[in-house]
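Colleague: The listed protein sequences correspond, in order, to chains R and C. Every number in the numbering used here is 124 more than the matching position in the first sequence, counting from 1. Every number in the numbering used here is 293 more than the matching position in the second sequence, counting from 1.
Incorrect hints may appear among the rest.
[What the hints assert, rightly or not] Derived CB-CB ranges, DEER-like: (1) C:G400 to R:M277: 39 to 49 Å; (2) C:G482 to R:M277: 26 to 36 Å; (3) R:D176 to C:E469: 43 to 53 Å; (4) C:T581 to R:R147: 21 to 31 Å; (5) C:D479 to R:E246: 39 to 49 Å; (6) C:A841 to R:D176: 19 to 29 Å; (7) C:Q524 to R:Q201: 34 to 44 Å.
Simulated from the structure, these hints should not be mistaken for lab results. Note that beta-carbon positions come from the ideal geometry of N, C-alpha and C, so glycine has one too.
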Amino acid sequence: MQTFAVYVDNVPGVLNRVSSLFRRRAFNIESLTVGHTEVDGLSRMTIVVDTDERGGRLVEANLYKVLPVRRVVNITQMPTIARDLAMIKVQANAESRPQVMQLVEVYRARIVDVSPETLVIETTGTEDKVDSLLEILKPYGVLEMVRTGRIEMARGSIEGPALVPGRAMHGARGPHDSGAMSV
Amino acid sequence: MSTRTLTGAQILWESLVREGVEVVFGYPGGAILPAYDAMLDYPIRHILVRHEQGATHMADGYARATGKVGVAIATSGPGATNMVTGIATAQMDSSPIVCITGQVGSGLIGSDAFQETDITGITLPITKHNYLVTHASEVAAAVREAFAVARHGRPGPVLIDITKDAQLGTCDFDWEAATPDIEAIDRSGQGFGADAIELINKAQRPLILAGHGIILGGGTAAVQRLSEQAQIPVAMTLLGIGSVPASHPLNLGMMGMHGEAWVNTAIQEADLLIALGMRFDDRVTGNTRTYAPHAKKIHVDIDPAEFNKNIRVDAAISGDVGEVVTGWLPHLASVDRSPWLDHINRMRGDVAVRDIKNMPDQGHLYAAHVIHDIWRITGGNAIVVTDVGQHQMWEAQYYHHEAPRSLITSGGLGTMGFALPAAIGAKVGRPDAEVWVVVGDGGFQMTLCELATMVQEELDVKVCIINNGYLGMVRQWQEFFYQRRYAATPITAPDFEKLAAAYGVWGATVEARSEVESTVEAARRNTRGAVIDFRVEQEDSVFPMVPAGNDLHNMIRRPSPIVETAAD
Ligand SMILES: Cc1ncc(C[n+]2csc(CCOP(=O)(O)OP(=O)(O)O)c2C)c(N)n1
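The following block holds chain R by itself, in its conformation from the complex (with noise of 0.2 Å):
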């Protein structure tokens, strides 16, 4: 697996130069997410790819020539705060219900809606932490679940210098791509 930041101009049909990239070099998308950053008009996909680091070095230099993309950085072998959010909807009446939020509590995750029949669950940690959450839930009854796959972040300041926006066109017009996003 690589993981890359990758620091984008946020202009109209970014995420799908980026994931027409992907789909034409059949580089596997293990997860991406893109959401807005601190610098206004920047956007930040964390991407992971199911590679080698050989096929890493080709995915970034593949980016770099999708015009919007504006950095890329290979963070998979520095030190990273990686994180995963999830709701689960789970089934739980009264009579299950103490046992759904022990587990909750064992998990240090929170209940966030409760009906007479479902709790909603919401969790943040690595993957795996919300993998076995779903995991010890199932038995219950998973109703649904969203998760916004996988974000990431090197510890320091590691990252580069900082980033402005691209004052070029950058693109064809369409809707914007903003806000999270999985595939």
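Given chain R, work out where chain C with the ligand should sit, using these hints.
Modeller: Positioned in the frame of chain R, the structure of chain C with the ligand alone reads:
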């Protein structure tokens, strides 16, 4: 700086003129009408094509012949989709073209309006970049950036889709404010490569692999100096032909599937490959696992995405080939490489005896004879534009190109139908050059409608049809690998001489070797173009041949001594 209020259509032409555009190849229609109307007021030559695919190939041929950006223009919907093949062709061969398409009004986008097509979506994977412009105020910046993107780094096609309301709307035209951010566009690195120099100085059996990048970047002189100074022979890819003169003693010729046998053998024996502006396409490597097994590899390319894509290399240097190589020159040690050069020359002499053009005239006409004669008669100075198939490989083998930009051919995509329109574009760009088309009877029938464009524009292009009555290259594969089961490869054709006459072009038919020279001379005397139908051996094959995926040294060779194949 003063600004003027103009329509988007006017701004388009203002911008094109400022980008140095003198000619565009196009075809009008509803969604691009405002732009066409405004065009009449600007000093730009418009060449009306007969099919929009032709417009893109013409822009491509123009770009390849001149080094300038070629421009094609078309309407929305079918006009735009007809451009797709030409755009993909330009993308695969890194040819800088800008395609401009009309689009339905921005308010109609997404409604399946008449002649609406998502052309930016369709061309996204086959352009370097593309734009959908929906306001007049965006036109200038889009055009400027498109030209910068097409030209900088590794060149390629860019498409600008302009909605009808963006063409009709008005705004202040401010050229300065539309200056592109070159730093954000040009992503080529500047490499030097000390380890590369060490590898070169240590090598006993080095080879330069010369690709298209040398020609695109203007690095031909630097590469020739590298070759001479270090006494390193040069092998060329199909698109690298012309990077070093064919007559240069260190130039070995073409490599790959139909490359010269001694070149492929030399690659397999080399201890160092210096790959310059080439990308180890499967047509030049054959089986990658057995490719150049004894060689260290140095790869210089402006596009780092090519490094270790197909072949693992020992040193990868990103940058303009000419600049990188020039940086090496002062550091080259003098090494005696005469044993290696002598060895290659012995292999060369050995296979020359199998050369079909040396065969005595037995009454049959071979494509090799035709191309050899055209080479001889034109002194190797013509621009030759080929189509795709057997004739393309024979051209590469038998026409010896002395100058860069003198062979124009669709290498990466292998687009049949490319030759005639690309030759028209080349002739428009270099009116003083003698331009020849070498095309098969199959491919010519794909885009021969552009003969009318040639006539309307009074362009002098000579067409040499290698007419074998088959889709020859496919027939050859069927002969070698499908037990001669000729599925859908016998092809009929009109009488090309009469067809030429119908278009108002001088034409001739040649069946004997003895008539080739006089007919080529007659064609050259005609200044309004010419079409010659050469009825050649029907079942001749291109040799040598490395079957797809085979080891590069496992070549099918022309039977020796040469036996006539025809029963006619
Ligand atoms: C547009 C397109 N369609 C199909 C092919 C596949 N193809 C490659 S070579 C060839 C035969 C070409 O025949 P012809 O034009 O007569 O030239 P020859 O090989 O006989 O010289 C074909 C069909 C192609 N390259 N391009």
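Colleague: Run every hint past the structure and note whether it holds.
Modeller: Do the hints match the structure? See the list:
1. C:G400 to R:M277: 39 to 49 Å: holds (42 Å)
2. C:G482 to R:M277: 26 to 36 Å: holds (27 Å)
3. R:D176 to C:E469: 43 to 53 Å: holds (48 Å)
4. C:T581 to R:R147: 21 to 31 Å: Taking Cβ atoms as reference, C:T581 and R:R147 lie about 23 Å apart, which means the hint holds.
5. C:D479 to R:E246: 39 to 49 Å: Check passed, 46 Å falls within 39 to 49 Å.
6. C:A841 to R:D176: 19 to 29 Å: holds (27 Å)
7. C:Q524 to R:Q201: 34 to 44 Å: holds (43 Å)
Figure legend: structure checked against the earlier numbered hints; every hint is met.
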